[in-house]
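Here are the chains, one letter per residue:
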Amino acid sequence: MRFTTRLLTTAVIASAFAAPAMAEGTLDKIKSSGVIVLGHRDASIPFSYLANDPTKPIGYSHDLQLKVVEAVKKQLKMPNLQVRYNLVTSQTRIPLVQNGTVDLECGSTTNNLERQKQVAFSVGIFEIGTRLMTAKTSGIKDFPDLKGKNVVTTAGTTSERLLKAMNAEKQMGMNIISAKDHGESFLMLESGRAVAFMMDDALLYGEMAKAKNPGNWVVTGKPQSFEIYGCMLRKEDAAFKKVVDDAIKATFKSGEVNKIYSKWFMAPVPPKGLNLNFPMSDEFKALVAKPTDKSAEEM
Amino acid sequence: MNYNWDWNIFFKSTGIGSEIYLDWFVSGLGWTIAVALMAWIIALLLGSVLGVMRTLPGKVLPAIATAYVELFRNVPLLVQLFMWYFVVPDYLPEPLQIWFKQDLNPATSAYISVVVCLALFTAARVCEQVRTGIQALPRGQSAAALAVGFSIGQTYRHVLLPQAFRIIIPPLTSEFLNIFKNSSVASLIGLMELLAQTKQTAEFSANIFEAFTLATVIYFVLNMSLMTLMSLVEKKVRIPGMMGGAK
Chain A
1 MRFTTRLLTT AVIASAFAAP AMAEGTLDKI KSSGVIVLGH RDASIPFSYL
51 ANDPTKPIGY SHDLQLKVVE AVKKQLKMPN LQVRYNLVTS QTRIPLVQNG
101 TVDLECGSTT NNLERQKQVA FSVGIFEIGT RLMTAKTSGI KDFPDLKGKN
151 VVTTAGTTSE RLLKAMNAEK QMGMNIISAK DHGESFLMLE SGRAVAFMMD
201 DALLYGEMAK AKNPGNWVVT GKPQSFEIYG CMLRKEDAAF KKVVDDAIKA
251 TFKSGEVNKI YSKWFMAPVP PKGLNLNFPM SDEFKALVAK PTDKSAEEM
Chain B
1 MNYNWDWNIF FKSTGIGSEI YLDWFVSGLG WTIAVALMAW IIALLLGSVL
51 GVMRTLPGKV LPAIATAYVE LFRNVPLLVQ LFMWYFVVPD YLPEPLQIWF
101 KQDLNPATSA YISVVVCLAL FTAARVCEQV RTGIQALPRG QSAAALAVGF
151 SIGQTYRHVL LPQAFRIIIP PLTSEFLNIF KNSSVASLIG LMELLAQTKQ
201 TAEFSANIFE AFTLATVIYF VLNMSLMTLM SLVEKKVRIP GMMGGAK
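Heads up: the protein sequence lines correspond to chains A and B, in order.
Taking the numbering used here, I'd label the letters of the first sequence as residues 1 to 299.
Taking the numbering used here, I'd label the letters of the second sequence as residues 1 to 247.
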């Protein structure tokens, strides 16, 4: 019986996705094609985004991604390895890694247990806390102040899940708005539809830096969770994963990560030349000291 | 492709209260139907009035209806939605603005915006169907009605519209189905209708293909049922001896 089910499942999958065989590892694929395909985002400031050149992403995660490319070049002895960019969205990033379109995605992707069933994650490249942004004059200091208020968060994020769970468990009577992206979430906050915006703190600082009057806003509240961002690659590809992990660990060990961090979080960044002023958190310092590919929930 | 299929995902906990993912799809379907039906009722009424206006004698009324159609038919639906949701409320009088943006439940204000948007957009299309329905009738119909002493109102009410509406049931069915499909734009302003719940399930569970497959099936079954219903209506109201109907 179980055999039949499995056979049936296999048949269905095989017929539905007569995809090119992905039995070969990513390194073999890169070697035979001479190209590595990097997945990037368009507006995850300052992790991976497009600013002045629409064909080339920039950002903190992208700088680490380029470190991996250097390591792959060395490993395969291919100094002329070509880099191709492929824009991904939060909805396409997992399938595009799985089906072989993208070899390595580095952006602002949280490593969690659900995603680990579909893809592999590199060692963590960043750690955030989920907090609130609100107007300085709103009088909101922490999550309990949100009772009965309109609160916005971005659809499909961990913050959305936490906020909804908190609302159900503590019966806070919040009206939760799920906006389609961070920019729109901030618009909801700015236009007065919501009194607070819950999101990853680094992204909140990113939105604040884009605001008309950055001084009107404040990031506040006790972090409701910590999340580790990682680069995504295909599962069961130990050889490629080792190259990726080793390259990232090397930048951590040499302290180069501090330089990259300062460049994106403590200095003006394109396109508007704004400074996020987001010092490195103790959680992230601990991650740099002890790199891991586990999700924050497993720690 | 090493995708990890799990069709049981719909029966697993979402991690929020005691909800399972299937609950999200059910509530999403509820919003989709609520948006589409309300918008359709308004679109049908407004579109019929505009369609009649376009065929009236004189210059002013037809011109107003034509301008309406051109405006709403030539601006992308998504742009219209953002206008109704983000721009228009900011030009309301202050108290109304605060009521709409802060006192109303966010789901209600999003619902109002998307219903207004879809209704006005679809009304332009219904208007064109009604106009062509009326113009498809032989000119002798209205001439004869006026000749026997009907007023213009009576001519439309008793002669032209009963025939025109029967002719345009098939294209109106398309518009009816379109409004269900177009209602998915509501997901972009945070209304948790079917597509929004699908995306949310995909993001939360990382079982993207299962989520979108279920959504596809739901939309398909919903629209097939509506189509069957409409063809029954068409048969029911058919006048024996007209338009190929059996006696």
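Take the hints with a grain of salt, since some may be wrong.
A few chain B residues facing chain A, derived, Cβ under 8 Å [unchecked claim]: (1) 4; (2) 86; (3) 88; (4) 153.
Here are a few chain B residues that sit away from chain A, every Cβ distance over 10 Å (derived from the structure) [what the hints assert, rightly or not]: (5) 144; (6) 192; (7) 200.
Calculated directly from the structure, the hints in this document are not laboratory data.
Glycine included, every Cβ here is placed at the ideal spot set by N, Cα and C.
Each hint, compared with the structure:
1. At a threshold of 8 Å, the smallest CB-CB gap from residue 4 of chain B to chain A is about 5 Å, leaving the interface hint in force.
2. For the restraint placing residue 86 of chain B at the interface with chain A, the shortest Cβ-Cβ distance is roughly 7 Å, inside the 8 Å limit, so the hint holds.
3. Interface restraint check: residue 88 of chain B against chain A, minimum CB-CB distance 12 Å, threshold 8 Å, status violated.
4. Because the beta carbon of residue 153 of chain B sits about 45 Å from the nearest beta carbon in chain A, more than 8 Å, this interface hint is broken.
5. For residue 144 of chain B, the non-interface assignment is confirmed: its Cβ lies about 55 Å from the closest Cβ of chain A, beyond the 10 Å cut-off.
6. With a minimum CB-CB distance of about 7 Å to chain A, residue 192 of chain B fails to clear the 10 Å threshold, and the non-interface call is violated.
7. For residue 200 of chain B, the requirement that its beta carbon stay farther than 10 Å from each beta carbon of chain A is not met, with the minimum near 6 Å.
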